[in-house]
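Engineer: Please build the complex by placing chain F on the supplied structure of chain W, with the hints as guidance.
2 protein chains.
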Amino acid sequence: MIQPIRIAEKLSAFSDHWNPRVIAELNGQHVKLAKFQGEFVWHDHANEDELFLVLKGRFRMEFRDGAVEVGEGEMIVVPRGVEHRPVAEQEVHVMLFEPASTRHTGDAVDDRTVTEYEWI
Amino acid sequence: MIQPIRIAEKLSAFSDHWNPRVIAELNGQHVKLAKFQGEFVWHDHANEDELFLVLKGRFRMEFRDGAVEVGEGEMIVVPRGVEHRPVAEQEVHVMLFEPASTRHTGDAVDDRTVTEYEWI
Chain W
-18 MIQPIRIAEK LSAFSDHWNP RVIAELNGQH VKLAKFQGEF VWHDHANEDE
32 LFLVLKGRFR MEFRDGAVEV GEGEMIVVPR GVEHRPVAEQ EVHVMLFEPA
82 STRHTGDAVD DRTVTEYEWI
Chain F
-18 MIQPIRIAEK LSAFSDHWNP RVIAELNGQH VKLAKFQGEF VWHDHANEDE
32 LFLVLKGRFR MEFRDGAVEV GEGEMIVVPR GVEHRPVAEQ EVHVMLFEPA
82 STRHTGDAVD DRTVTEYEWI
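So the protein lines, in turn, are chains W and F.
Going by the numbering used here, the first sequence opens with residue -18, and the numbers climb by one from there.
Going by the numbering used here, the second sequence opens with residue -18, and the numbers climb by one from there.
This is chain W alone, in the form it adopts within the complex (with noise of 0.2 Å):
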């Protein structure tokens, strides 16, 4: 039987920041659970669009011309090829909508980098 995910418990499985977990596939899409604070390294993902999706606080999504807050209960979709620069003054949980495909520092690379997302 296909059992409901519960989004709460899988949030409460880690703690570390910037480190990206898929909970769900489908479509060729990941569904992933995040958790930011601070400030994240400026990317862009050259064929993929991003949504974020708050689910408690809030980040300040920067882009080169600009910056918007994102609140709980708010989401944004950068599309492929903006760069972007997600910052959070307080921890931020996070759900993320993307291709299977996608580096989550896109074409940059720092030590944060995750090449392979763990499932929880």
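Please note: incorrect hints may appear among the correct ones.
Identical chains share a label here; the pair holds if one copy fits it or two copies do between them.
Okay, derived cross-link-like pairs now, DMTMM-like style, lysine to aspartate or glutamate, Cα gap no bigger than 20 Å in a straight line [as the list claims (entries may be wrong)]:
hint	residue 1	residue 2
1	Lys37	Glu50
2	Lys(-9)	Glu50
3	Lys37	Asp(-3)
4	Lys37	Glu55
5	Lys37	Glu70
These aren't lab readings, by the way, just hints derived from the structure by calculation.
Remember, predicted model here, so these are calculated numbers, not experimental data.
Structural biologist: Showing chain F alone in chain W's frame:
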């Protein structure tokens, strides 16, 4: 500037049941919002997996071999080809992720079938 999408605001824009609205498109996928109440039609999608994320309330997803309850903060992925029928005793608010090609009643057609989804 890319703007965040406020889910509560989008949900307040419609009140009818079983009539999903599109709020975003990325990577050939649609993000939709819907309100369910009552029993939907049995159907499957030959080529599309479908994700249901409960934003408010709860519903029962019936399969031919049983049923599961999906509550607030939970989600369920129905793989392509699996017959299913959502049933909501009380109104439930749901976010859907699925290919833009998906018809919500699958191969079944009833008087609720929508062929062109409205963007809100």
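Engineer: Each hint needs a verdict: does it hold in this structure or not?
Structural biologist: Hint by hint, here is what the structure shows:
1. Lys37 / Glu50: within (13 Å within a copy, 24 Å between copies)
2. Lys(-9) / Glu50: between (25 Å within a copy, 18 Å between copies)
3. Lys37 / Asp(-3): within (15 Å within a copy, 28 Å between copies)
4. Lys37 / Glu55: Result: close both inside a copy and across copies, 10 Å intra and 15 Å inter.
5. Lys37 / Glu70: Within one copy only: 13 Å inside, 28 Å across.
Figure legend: structure checked against the earlier numbered hints; every hint is met.
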